[in-house]
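Taken in order, these protein sequences are the chains called A and B. Start counting the first sequence at 0; every next residue gets the next number (numbering that gives the first Met the number 0). Start counting the second sequence at 0; every next residue gets the next number (numbering that gives the first Met the number 0).
It should be emphasised that the hints constitute simulated quantities derived from the structure, not laboratory data. Incorrect hints may appear among the rest.
[What the hints assert, rightly or not] Simulated DEER-style distance windows between Cβ atoms: (1) Ile-33/A x Gln-324/B: 37 to 45 Å; (2) Ser-50/A x Glu-181/B: 37 to 45 Å; (3) Ala-120/B x Val-65/A: 53 to 61 Å; (4) Ala-120/B x Arg-41/A: 18 to 26 Å; (5) Gly-31/B x Ser-114/A: 18 to 26 Å; (6) Gln-324/B x Thr-21/A: 27 to 35 Å; (7) Asp-124/B x Ala-17/A: 34 to 42 Å; (8) Ala-154/B x Ile-33/A: 39 to 47 Å; (9) Arg-60/A x Leu-225/B: 56 to 64 Å; (10) Leu-46/A x Asp-124/B: 32 to 40 Å.
Note that beta-carbon positions come from the ideal geometry of N, C-alpha and C, so glycine has one too.
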Amino acid sequence: MAEYVVFIYDHEEDWEAADPDTYVSTLQAHKQFIAVNGASIRGGNRLHPSSTATSLRATGRGSVTVTDGAFTEAKEVIGGYYVIEARDLDQALALARQVPAPFGGVEVRPVLPSS
Amino acid sequence: MDPSVTATIAEAHRREWGFVLAAAARITGDLGDAEDCAQEAFAQALTRWTSQGVPANPGAWLTTVARRRAMDLLRRHDQLRDRLPLLLGTEVVPAPDATIDHAPDVPDDRLRLIFTCCHPALSPDARVALTLRLLCGLSTTDVACAFLVSEPTMAARITRAKKKIAAARVPYCEPPASELRERLDAVLDVVHLLFTAGHTAPAGDRLQRRELVERALHLARMLHDLLPDQPGPAGLLALILLTDARRHTRASDDGKLILLADQDRSQWDRAEIDEGLDLARRALRGRPPTRYALMAAIAAVHARSAQWRATDWVRITKLYDTLMQVWPSPVVALNRAVAISQAHGPEAGLEALRPLNDEPQLVGYHYLAATRADFLRRLGQTCDARLAYHEALTFAQNAAERAFLEDRLRELDGLEDTGVVQNLGHAGGGAG
Chain A
0 MAEYVVFIYD HEEDWEAADP DTYVSTLQAH KQFIAVNGAS IRGGNRLHPS
50 STATSLRATG RGSVTVTDGA FTEAKEVIGG YYVIEARDLD QALALARQVP
100 APFGGVEVRP VLPSS
Chain B
0 MDPSVTATIA EAHRREWGFV LAAAARITGD LGDAEDCAQE AFAQALTRWT
50 SQGVPANPGA WLTTVARRRA MDLLRRHDQL RDRLPLLLGT EVVPAPDATI
100 DHAPDVPDDR LRLIFTCCHP ALSPDARVAL TLRLLCGLST TDVACAFLVS
150 EPTMAARITR AKKKIAAARV PYCEPPASEL RERLDAVLDV VHLLFTAGHT
200 APAGDRLQRR ELVERALHLA RMLHDLLPDQ PGPAGLLALI LLTDARRHTR
250 ASDDGKLILL ADQDRSQWDR AEIDEGLDLA RRALRGRPPT RYALMAAIAA
300 VHARSAQWRA TDWVRITKLY DTLMQVWPSP VVALNRAVAI SQAHGPEAGL
350 EALRPLNDEP QLVGYHYLAA TRADFLRRLG QTCDARLAYH EALTFAQNAA
400 ERAFLEDRLR ELDGLEDTGV VQNLGHAGGG AG
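Only chain A is shown next, with the shape it has when bound in the complex:
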């Protein structure tokens, strides 16, 4: 088995404009996803909006600059993630397809095992 991280990318502005029903139904969809696939899920969380992010970037002379906001400027930012376990990419993609992301999509990245 191998581990993958599923990053959930969402359009934050669309989320802000969304009605309460969308929040409720998406939350429900996540609960459903976890209930169905619990055996394959190793972890995961929802994140605060990217306005709360702080980025540190190496300047190349041993120091870092600290900036407010997400690391790369984009309309779609990471809003949450799951760590999943799968036999191969096809199985990982089959799980990722079920991850709710109404205003964006997900990115699947294989984890490089540390040992």
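Given the coordinates of chain A, work out where chain B should sit on it, guided by the hints.
Only chain B this time, still in chain A's reference frame:
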């Protein structure tokens, strides 16, 4: 070095490389390792076949040696435990000394290999490159040459794709039945792209690249043999055969492009046409009709017409209408406009072309300007036609196609802009 042995090995390389590599990959679970094993098998063949003679079944010999090598590799790396998950669901690894032939009851590993090479998680460029490199055994130099990119660029593209396959664990297996059609479409697209790149080289001074056409034909035939009940491969094979049947008539002796309208149909390849027509009929029975079955059906109308004048343009237009529903694309819409101009006149063709002029996907596509130029020329609107030919020339990069467009421009030089419809119907249109 015995030249007959060298020739046998070259032939075996062309026909068997995909078999040998795919068989090794089933054991190693890693395409890079499998490539090494296949290379090793061919290297051993060179010395063994020279000293001991060519075996009765060269393909089986090569496959057995590659498998044995794969088993050695697996033991040496002691990677059995790590890689077992990828091998689960496959049958027991054969004993190293087993002599397994490509008997029909042995599941064909090439299908797994092509589904891996054409996995949707890989970039389309990488799919084509991997298919040529791993399934056809073309060298990186040849793959780079086929797609007119530098060798380092192509080498980097292939390396990157192989790394992704290993790191992300792109599985080495056939897709489940529920995904087969979608995944098969990705495979067919790769083979079709190979064919079109060979049929009309995107640039350069040769109109065709035979080696690519032959590889595409070989792969389409393989897919049809392995999946005979699927209409997709049957349609693609039919399309390739029916299009390739015209190869000897598409250019004059001095390399000039000859349009479908002016080709000597008695020189078309009858054997390819007969096989293609039969396959096209069978492919069109699938419901809903696949993209390639419809394209083959269109090619079949041309193949059945003894002369350009006899072409059933109304049927072709209808087939394009259906194709637009199955596979809506600006290029299909462009070809549909050509068919309409033949069925209902250049004015109707121009009308069908109009929505395409702002199509972002067709920016820089010289066939759009060339088609508009042809319609305008047939309508006698010489000035506008001339402008359109010039526009086409700024984008066309194949020498034979450029020469054709320049000839058309010269023909217009003597003509006044009459705006009068002249010589309707049989003058042009339709790329060869």
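Against the structure, the hints come out as follows:
Distance hint check for Ile-33/A and Gln-324/B: the Cβ-Cβ separation is about 40 Å, which falls inside the suggested range of 37 to 45 Å. Judged by the Cβ atoms, the range 37 to 45 Å given for Ser-50/A and Glu-181/B holds: they are separated by roughly 39 Å. Separated by about 36 Å at the C-beta atoms, Ala-120/B and Val-65/A break the suggested range of 53 to 61 Å. Checking the proposed 18 to 26 Å range against Ala-120/B and Arg-41/A shows it holds: the Cβ atoms sit about 21 Å from each other.
Distance hint check: the CB atoms of Gly-31/B and Ser-114/A are about 22 Å apart, consistent with the given range 18 to 26 Å. As the Cβ distance of Gln-324/B to Thr-21/A is approximately 33 Å, the hint placing it in 27 to 35 Å holds. In this structure, Asp-124/B and Ala-17/A meet the distance hint of 34 to 42 Å, their C-beta atoms being roughly 37 Å apart. Checked against the hint of 39 to 47 Å, the pair Ala-154/B and Ile-33/A passes, with Cβ atoms roughly 43 Å apart.
Taking 56 to 64 Å as the suggested C-beta distance range, the pair Arg-60/A and Leu-225/B conforms, at roughly 59 Å. Distance hint check: the CB atoms of Leu-46/A and Asp-124/B are about 34 Å apart, consistent with the given range 32 to 40 Å.
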